[in-house]
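> So in the working numbering the end of the sequence shown lands on 930, straight run, no missing numbers.
A hint or two may mislead.
Stated by the list, open to error - Pairs of lysine-lysine, DSSO-like flavour, derived with a Cα cap of 27 Å:
1) Lys-884 to Lys-819
2) Lys-884 to Lys-837
3) Lys-837 to Lys-915
4) Lys-870 to Lys-835
5) Lys-915 to Lys-824
6) Lys-835 to Lys-875
7) Lys-840 to Lys-895
8) Lys-882 to Lys-819
9) Lys-824 to Lys-840
10) Lys-875 to Lys-895
11) Lys-875 to Lys-896
12) Lys-884 to Lys-915
13) Lys-895 to Lys-915
14) Lys-882 to Lys-895
15) Lys-875 to Lys-840
16) Lys-835 to Lys-915
17) Lys-835 to Lys-824
18) Lys-870 to Lys-818
19) Lys-835 to Lys-896
20) Lys-835 to Lys-895
21) Lys-884 to Lys-835
22) Lys-818 to Lys-837
23) Lys-895 to Lys-870
24) Lys-824 to Lys-882
25) Lys-818 to Lys-882
26) Lys-818 to Lys-840
27) Lys-824 to Lys-896
28) Lys-819 to Lys-837
29) Lys-875 to Lys-837
30) Lys-915 to Lys-840
31) Lys-882 to Lys-870
32) Lys-837 to Lys-896
33) Lys-818 to Lys-884
34) Lys-896 to Lys-882
35) Lys-915 to Lys-875
36) Lys-824 to Lys-875
37) Lys-896 to Lys-884
Unchecked claim - Restraint ranges, calculated between C-beta atoms of paired labels, are given here:
38) Lys-870 to Lys-818: 28 to 38 Å
39) Arg-856 to Glu-917: 35 to 45 Å
40) Arg-878 to Thr-821: 31 to 41 Å
Rather than coming from a laboratory, the hints here were simulated on the basis of the structure.
Just so you know, even glycine gets a beta-carbon here, dropped at the ideal spot from N, CA and C.
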Amino acid sequence: MKKSTMLKYLEYASLCELKAKDYKVFLFIISDLIESNEIRNNQNTTAEHLGITKSDVSKALRRLEKNKILSFSWVSIRKKLITLVPYDDDELDELISEKIEENIDRAIDDDWED
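Sequences are here, hints too, so could you generate the full structure?
Here it is as C-alpha cells:
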C-alpha cells in the first residue's frame with residue numbers, strides 16, 4: 817500500500833465517530849495491513865497487546881466495519897480474515913469530503929439547537 821493511501825485511510829477514520837479504543841485497534845491492525853493485504857485476527861492477542869478487553873476489540877472491529885473501514889470474511893468458526901475496504905485514492909478523497917461536510921452540518925445543527 818502506498819504511504820499516501822494509508823494516510824487517507826487514517827484521515828477518513830479520524831473523521832468517523834469512533835472511540836479511542838477503536839483507533840487503538842485500527843492502528844494496531846493497519847500496521848500489519850501495510851505489509852499484507854489481509855490478516856488473520858486473534859482478538860485475545862490484540863486485546864492483550866493493547867491492554868484492553870477482548871470485548872473492546874470485538875466492539876471496535878464492529879464499529880470499524882460499520883464505518884466501512886475494515887471488512888471481514890470468515891476463515892473458520894472462530895477466525896476471520898481482515899482487510900481494508902478496497903478504496904482507491906479518489907474514492908477515499910470523496911469519502912473524506914463527505915465526512916467533513918457531515919461534520920460541518922452536524923456542528924451547524926448543534927449551534928442552532930443551543
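> Determine for every hint whether it applies to the structure shown.
These are the hints, each one checked on the structure:
1. For the hint pairing Lys-884 with Lys-819, the CA-to-CA distance comes to about 20 Å; that is within 27 Å, so the pair holds.
2. The suggested pairing of Lys-884 with Lys-837 holds, with an alpha-carbon distance near 17 Å, which does not exceed 27 Å.
3. Restraint check: the Cα-Cα separation between Lys-837 and Lys-915 comes to about 20 Å, which is no more than 27 Å; the hinted pair holds.
4. Distance restraint check for Lys-870 and Lys-835: the Cα-Cα separation of roughly 15 Å lies within the 27 Å cut-off, and the hinted pair is therefore satisfied.
5. With a CA separation close to 13 Å, the supplied pair Lys-915 and Lys-824 stays within the 27 Å bound.
6. For the proposed pair Lys-835 and Lys-875, the alpha carbon gap of about 10 Å is at most 27 Å, so the pair holds.
7. Proximity of Lys-840 to Lys-895 is assessed by CA-CA distance (about 20 Å); at most 27 Å being required, the pair is judged to hold.
8. Proximity of Lys-882 to Lys-819 is assessed by CA-CA distance (about 24 Å); at most 27 Å being required, the pair is judged to hold.
9. The straight-line distance between the Cα atoms of Lys-824 and Lys-840 is roughly 17 Å, inside the 27 Å bound, and the hint therefore holds.
10. Of the pairs offered as hints, the one joining Lys-875 and Lys-895 holds, with about 16 Å between alpha carbons and a cut-off of 27 Å not exceeded.
11. With a C-alpha separation of about 15 Å, the suggested pairing of Lys-875 with Lys-896 holds against the 27 Å cut-off.
12. For the proposed pair Lys-884 and Lys-915, the alpha carbon gap of about 12 Å is at most 27 Å, so the pair holds.
13. The hinted pair formed by Lys-895 and Lys-915 fails the criterion: a straight-line CA distance of about 31 Å is larger than 27 Å.
14. At most 27 Å may separate the alpha-carbon atoms for a hinted pair to count; Lys-882 and Lys-895 meet this at roughly 19 Å.
15. A threshold of 27 Å between alpha carbons decides the hint, and for Lys-875 with Lys-840 the separation of about 12 Å falls inside it, so the pair holds.
16. Between Lys-835 and Lys-915 the CA atoms are separated by roughly 16 Å; this keeps the pair inside 27 Å, and the hint holds.
17. Pair hint Lys-835 plus Lys-824 holds up; C-alpha atoms about 19 Å apart against a cutoff of 27 Å.
18. At roughly 31 Å between alpha-carbon atoms, Lys-870 and Lys-818 are farther apart than 27 Å, so this suggested pair is violated.
19. Restraint check for Lys-835 and Lys-896: the C-alpha separation of about 22 Å stays at or below 27 Å, so the hint holds.
20. At roughly 24 Å between alpha-carbon atoms, Lys-835 and Lys-895 fall within 27 Å of each other, so this suggested pair holds.
21. Taken as a hint, the Lys-884 and Lys-835 pair is honoured in the structure, with Cα atoms around 15 Å apart against an allowance of 27 Å.
22. Taking the CA atoms of Lys-818 and Lys-837, the gap is near 25 Å; set against the 27 Å cutoff, the hint holds.
23. Between the alpha carbons of Lys-895 and Lys-870 the distance comes to roughly 14 Å, so the proposed pair stays at or under 27 Å and holds.
24. Pair hint Lys-824 plus Lys-882 holds up; C-alpha atoms about 18 Å apart against a cutoff of 27 Å.
25. In summary, the hint linking Lys-818 to Lys-882 is supported, as the alpha carbons are separated by about 24 Å, within the 27 Å threshold.
26. A C-alpha spacing of about 21 Å is found between Lys-818 and Lys-840, which places the hinted pair at or below 27 Å, so the restraint holds.
27. Distance hint between Lys-824 and Lys-896 is fulfilled; the C-alpha atoms sit about 25 Å from each other, no more than 27 Å.
28. Of the supplied pair hints, the one linking Lys-819 and Lys-837 holds, its CA atoms being roughly 23 Å apart against a limit of 27 Å.
29. The straight-line distance between the Cα atoms of Lys-875 and Lys-837 is roughly 9 Å, inside the 27 Å bound, and the hint therefore holds.
30. Distance restraint check for Lys-915 and Lys-840: the Cα-Cα separation of roughly 21 Å lies within the 27 Å cut-off, and the hinted pair is therefore satisfied.
31. Between Lys-882 and Lys-870 the alpha-carbon distance is near 18 Å, which keeps this suggested pair within the 27 Å criterion.
32. The hinted pair formed by Lys-837 and Lys-896 meets the criterion: a straight-line CA distance of about 20 Å does not exceed 27 Å.
33. Between Lys-818 and Lys-884 the alpha-carbon distance is near 19 Å, which keeps this suggested pair within the 27 Å criterion.
34. At roughly 16 Å between alpha-carbon atoms, Lys-896 and Lys-882 fall within 27 Å of each other, so this suggested pair holds.
35. For the proposed pair Lys-915 and Lys-875, the alpha carbon gap of about 22 Å is at most 27 Å, so the pair holds.
36. Straight-line distance between C-alpha atoms of Lys-824 and Lys-875 comes to about 23 Å, which keeps the hinted pair within the 27 Å bound.
37. For the proposed pair Lys-896 and Lys-884, the alpha carbon gap of about 16 Å is at most 27 Å, so the pair holds.
38. At roughly 33 Å, the beta-carbon separation of Lys-870 and Lys-818 lies within the given 28 to 38 Å, and the hint holds.
39. Under the hint 35 to 45 Å, the C-beta atoms of Arg-856 and Glu-917, about 36 Å apart, fit the expected range.
40. At about 24 Å, the beta-carbon gap between Arg-878 and Thr-821 misses the expected band of 31 to 41 Å.
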